[in-house]
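Each protein sequence line maps, in turn, to chains A and B. Just so you know, we're using my numbering here: the first sequence kicks off at 380 and counts up by one. Just so you know, we're using my numbering here: the second sequence kicks off at 80 and counts up by one.
Simulated from the structure, these hints should not be mistaken for laboratory data. Be aware that a few hints might be false.
In silico BS3-like links for lysine-lysine, alpha-carbon gap of 30 Å or less [said to hold, decoys possible]:
no., chain 1, residue 1, chain 2, residue 2
1, B, 147, A, 403
2, A, 403, B, 139
3, B, 185, A, 403
4, A, 403, B, 192
5, B, 139, A, 447
Listed next, the stretches of chain A that the computed footprint assigns to chain B, with coverage defined by at least 3 CB atoms under 8 Å from CB atoms of chain B [stated by the list, open to error]:
no., segment
6, 413-427
7, 475-488
This structure is a prediction, so every number in the text was calculated from the model and none was measured. We treat Cβ as the ideally placed atom computed from N, Cα and C, and that holds for glycine.
If you want the building blocks of each chain, they are given just below.
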Amino acid sequence: DAGVIQSPRHEVTEMGQEVTLRCKPISGHNSLFWYRQTMMRGLELLIYFNNNVPIDDSGMPEDRFSAKMPNASFSTLKIQPSEPRDSAVYFCASSFWTGGRHTEAFFGQGTRLTVV
Amino acid sequence: GDSVTQMEGPVTLSEEAFLTINCTYTATGYPSLFWYVQYPGEGLQLLLKATKADDKGSNKGFEATYRKETTSFHLEKGSVQVSDSAVYFCALSGGGGSQGNLIFGKGTKLSVKP
């Protein structure tokens, strides 16, 4: 397996534009996480899916952020409209949930988003 | 809910020094515990894990023992190298109070000088 695949690796956009980040989890994994990482705030969980269903979205900053997982092999994180404070590295991770816990999570390489 | 607390960084050591990064957790159940490492410009990757009390996880010279009595999972390495410079994250899963989430600590940055 190629691991968790995120695209794009880098995104530069203007304030007010819509941004869509994409993630392909590892085949066979049934849980998917979206994280945001900045120097100031560290690693923050945005949303967590289990079997394609959002379980915890308490970390989604506001209505400008939305995430979907239409099937087990694809997820998107959308920001509309984007703002400069959204600039960060966004990570997607996947794991296998069984017996009430996760096996180790595998992370993608991240998408570095810059909003100017 | 469940939580993970790890020591504040940054930690700066000389090559071949002994490393300890403290991690304690709060959980209502019996979680699995993990250490992840993030090298500059990369995503997090699993370093080691332990799934039950008294288990010792080890990898690349790093070790951590799951201590239920002290709710701790401290990371140790006997002799660090410059290549160990990275950010280290302690994490837990399955603690019963986190909606099944994977909970991370804030990370500890390690810098090793030659």
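Of the hints given before, which are not true for this structure? Of the numbered hints, 1, 4, 5 do not hold.
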